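Asker: Residue strings, one per chain:
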Amino acid sequence: MTERRHELRRFPWQVRDSGLLLLVVAAGVVLVASVAQTAVEGLRDPRIAVAFGVLIAFGEVLRLNLPGDRETAPIGMAGALAYALLIRVGDHSAQHSAEQVVTVTTIGMIVGALPHLAVGRPAKVSGMSIRLLCVACVAFIFRPLAGNSEIVHHWGLAFSLMTALAVLALLLEAVLTALMRVDEQRALFRVALVDEMRVQLPLGAAVGASGLLIAFAAEVMGLAALAVFTAPLLVTQVAFRRYAGIRATYLQTVRALAKVTEIGGYVEPGHSERVSRLAVAVGRELGIHEPQLLELEYAALMHDIGQLSLADPIPGGATVLVSRQDQQRIAELGADVIQQAQVLGSVAEIVRRQNEPYRGVEVAHEGYRGRPARLDGEPSRPPLSSRIIKAANAFDDLVGSSLDPGRAAAAVQQLRLDTASEYDPEAVEALSRVVNRRSVIQL
Amino acid sequence: MARLSWAARLYIGAVVLVAAVVIVHGPFGDLRWWRNVAVLGLLLVVFESTATLLRPRQLAWSPNSSATLAAAVLLGPVGAGLVGACTMFGMRRGPSVAQRAFNTGMMALSAYLAGRVFVAAGGQVGTPHATPFRTIIGPFAVAAVVHALTNHTLLAGVLWLTSDRDFAGRRAPLGMSIKLIASDLGYGAFGLLIAALWSVAGLFAPVLILIPLFVARWAVAQIAEQQQAYEATVGALCQAVETKDFYTRGHSDRVSRGSVMIAREIGMRGERVEAIRYAGMLHDVGKLGVPTKVLQKTGKLTEEEYAAIQLHPMRGLDIVREIGFLDEALAGIMHHHERIDGRGYPMGLAGDEIPEFARVLAVADAFDSMTSTRSYRGARPVEEAVAELRKWSGTQFDPAFVDAFVAAIKRDGWQSPEPPVLAAEDLNTIAAQDHDDPSTPLRVIDSPR
Chain A
1 MTERRHELRR FPWQVRDSGL LLLVVAAGVV LVASVAQTAV EGLRDPRIAV
51 AFGVLIAFGE VLRLNLPGDR ETAPIGMAGA LAYALLIRVG DHSAQHSAEQ
101 VVTVTTIGMI VGALPHLAVG RPAKVSGMSI RLLCVACVAF IFRPLAGNSE
151 IVHHWGLAFS LMTALAVLAL LLEAVLTALM RVDEQRALFR VALVDEMRVQ
201 LPLGAAVGAS GLLIAFAAEV MGLAALAVFT APLLVTQVAF RRYAGIRATY
251 LQTVRALAKV TEIGGYVEPG HSERVSRLAV AVGRELGIHE PQLLELEYAA
301 LMHDIGQLSL ADPIPGGATV LVSRQDQQRI AELGADVIQQ AQVLGSVAEI
351 VRRQNEPYRG VEVAHEGYRG RPARLDGEPS RPPLSSRIIK AANAFDDLVG
401 SSLDPGRAAA AVQQLRLDTA SEYDPEAVEA LSRVVNRRSV IQL
Chain B
1001 MARLSWAARL YIGAVVLVAA VVIVHGPFGD LRWWRNVAVL GLLLVVFEST
1051 ATLLRPRQLA WSPNSSATLA AAVLLGPVGA GLVGACTMFG MRRGPSVAQR
1101 AFNTGMMALS AYLAGRVFVA AGGQVGTPHA TPFRTIIGPF AVAAVVHALT
1151 NHTLLAGVLW LTSDRDFAGR RAPLGMSIKL IASDLGYGAF GLLIAALWSV
1201 AGLFAPVLIL IPLFVARWAV AQIAEQQQAY EATVGALCQA VETKDFYTRG
1251 HSDRVSRGSV MIAREIGMRG ERVEAIRYAG MLHDVGKLGV PTKVLQKTGK
1301 LTEEEYAAIQ LHPMRGLDIV REIGFLDEAL AGIMHHHERI DGRGYPMGLA
1351 GDEIPEFARV LAVADAFDSM TSTRSYRGAR PVEEAVAELR KWSGTQFDPA
1401 FVDAFVAAIK RDGWQSPEPP VLAAEDLNTI AAQDHDDPST PLRVIDSPR
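Same order as they appear, the protein sequences are chains A and B.
Be aware that the first sequence starts at 1, since it is given in this note's numbering, and climbs by one per residue.
Be aware that the second sequence starts at 1001, since it is given in this note's numbering, and climbs by one per residue.
To be clear, the hints were calculated from the coordinates, so they are not data collected in a lab.
Don't take every hint at face value.
To spell it out: a stretch of chain B is covered by chain A in this simulated footprint if at least three of its residues, at any positions, have a beta carbon under 8 Å from a beta carbon of chain A; those stretches are [to be verified]:
hint, region
1, 1110-1119
2, 1208-1216
3, 1227-1235
4, 1282-1293
5, 1310-1320
What you are looking at is a predicted structure, and each value in this text was computed from that prediction instead of being measured.
Glycine included, every Cβ here is placed at the ideal spot set by N, Cα and C.
Can you make the complete structure from the sequences, with help from the hints?
Answerer: Here's what the structure looks like:
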């Protein structure tokens, strides 16, 4: 449990930071203004409002956690988008205001969040605020146009406008989420945005399409469209839930099995976990994208797995203290183990080359199976992830579970002295920044 | 598919001929009608070409019926038949000429019949814009059922005549029929949605409706991929754990297989079978926490050393506790050395107190140990190991699971491991005793009490 204390990903003083505050305030202002306006004007078409509110609440109940701790509510989002983009229900033309859309969406979200609260899973305020702002944005653009005869009678125009707005909403969601992650995890915005779009794109496309479908179909089927056209999205969501579940189990399993070396007495307790946290933080600092970050995490967790093949544990398990040959042997044995899993090809490569000096090996020693030297005689450099693990591993071997900032600073200094050939200066500098931030929190 | 019998050829010929006759008979519509036939036909070709076997026998992804049923509503029986006939243009590789001909005939005929039934049940053909939407739901449901039944009856016929289970490609064995009919009906419902949206969204209707479905399908493919990656990784890591002991290599894998055999034999649910598979793989990871010198000791064990060995299920639990498995798998790993008579470890549970998974694992574990080579004895033949299981049945093992395992082995056989070939570098990875072997219990120095 002691390792939890210097968890690198979330810093206590950043939980309520300026970005989140700004976001919540923005959402709050929009919300209060909308509720006031709706209260003054009264609810238009209450039957429709209730139907959509129920759909949004239902979607919020079925919230989904995507890989990378991302909270989404696809059905709720689709319902809210549809309500914002609604033109007619049956023969009746929908004339609710943008403010009413925001109000109904919020009420739906809150009602849907209650069951989660009841079982002790508080909603993420940031996620809900972002969703609300996106819906508000679409509603304030489209609602004033919804009664326009041009829009009502020109199907093509309405369709393109609605599509554009759905895309806009999803883009806005990606941008805002990326901004939040920059704050939360110290990621680079450019990197975070690309990652966000990559993860959200498939589900986002399904959400947007379903939102449009519901809005269109309500014209033909009336409110039955809500139930009917949620079905395809429900199928999608079920599939995504299973996918996210397997991803999570996978990571948990690798984490658990990485502990095998600790229980076997090969490495100090907590070593793999600490190295992987540090390596991921450094990788994020250096702008590594999420899929590669995941590989880095796997590799860091399993970097000592090769020690299992040793008959006797290295005293204290500190690989930094044994000879280069032994280090290389451990790395290669570990890489062989991982290679057998086939799917983790690049992870095996990262583990295999974790001990190489960052400029690469000049002369490949006997039995070396890393990437061969390039044709022009330049030694090939190990992958960035290997260089990060090398630095993080050395740091942890020197500092261990100690929380003493002085010791950490000394260890960083020692790594710096070796940046001429051994450790990647870039990785060491990033590590130093991460470690400094950590020290600040502890003081 | 090697050769078709005459009866099968005749049958396929008849199906194709009937389909052709009813369609050619007309009536056809105007230019606009033909355009819609072309659009829906194209949609069907897309479905047919992208239909893949995601996981054979588990998932048949065939949204074809949504296109033909939409056609039945929008274009009437003949139009639906024409759209169904577009199956022949499918670009899926694999089906032979006869298969393709049959599939085309079957789809065309069932679509035509569905169209007929739709009209007969009072449905009005055409874009549902003009007619109130509600009136077509009933007739559509009847049409969808007829469509699915026709398809599967025709299919069952050809399967029966050729007795070739793979005839229709992804439309797998007969036992799956109900599931397939259900999935066909589900996709059929999307046909209604396409028809409903045709008036407001026109050609975009199918596109909009299919985006979520294609995304779902993408996710399902990802699931399969991740699942594979996961299994490979767990397997590789278990092997890494086993390198510590030369003689038990492959043990986890075989225990896993044995446990699955028992689980299937007693009719466990699929999800639990999966869980017991992983439990089998991981049941001995805790052995890593036992010092190597204890595992490799040749003489009698001291009480402390014996206690260290008895601790391994708990150690294993410590390692796997945080994995989001079924709790049952965790309980199985923790208690796989309990005995029915209550003299096992770590808790000394007896009879029904022992979790079901643990009782299953215990049988497979002991059996594999006995049929593998150990440093102090050769591998026993399967019959002898079965006799040994029977001997301890009721005291050490649960008789029900012993019976199930014996029955499964009788039917499917058991692949005993090859005797390992000792290499020089393995000399320090030999265990002298095996804690899993019921016929040769660990020898412990009797201490004066």
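Asker: For every hint, state whether the structure bears it out.
Answerer: Against the structure, the hints come out as follows:
Coverage of the region 1110-1119 of chain B by chain A is violated [criterion: at least 3 residues with CB-CB distance below 8 Å; count 0]. With a threshold of 8 Å between beta carbons, the proposed coverage of the region 1208-1216 of chain B by chain A holds, since 7 of its residues qualify and at least three are required. Counting residues of the region 1227-1235 of chain B whose C-beta lies closer than 8 Å to any C-beta of chain A gives 8; at least three are required, and the coverage claim holds. Here's how the region 1282-1293 of chain B fares: 6 of its residues keep a CB closer than 8 Å to some CB of chain A, so the rule of at least three is met and the hint holds.
For the region 1310-1320 of chain B, the proposed coverage by chain A is satisfied: 4 residues have a C-beta within less than 8 Å of a C-beta in that chain, meeting the threshold of three.
Of the numbered hints given earlier, the model fails hint 1 alone.
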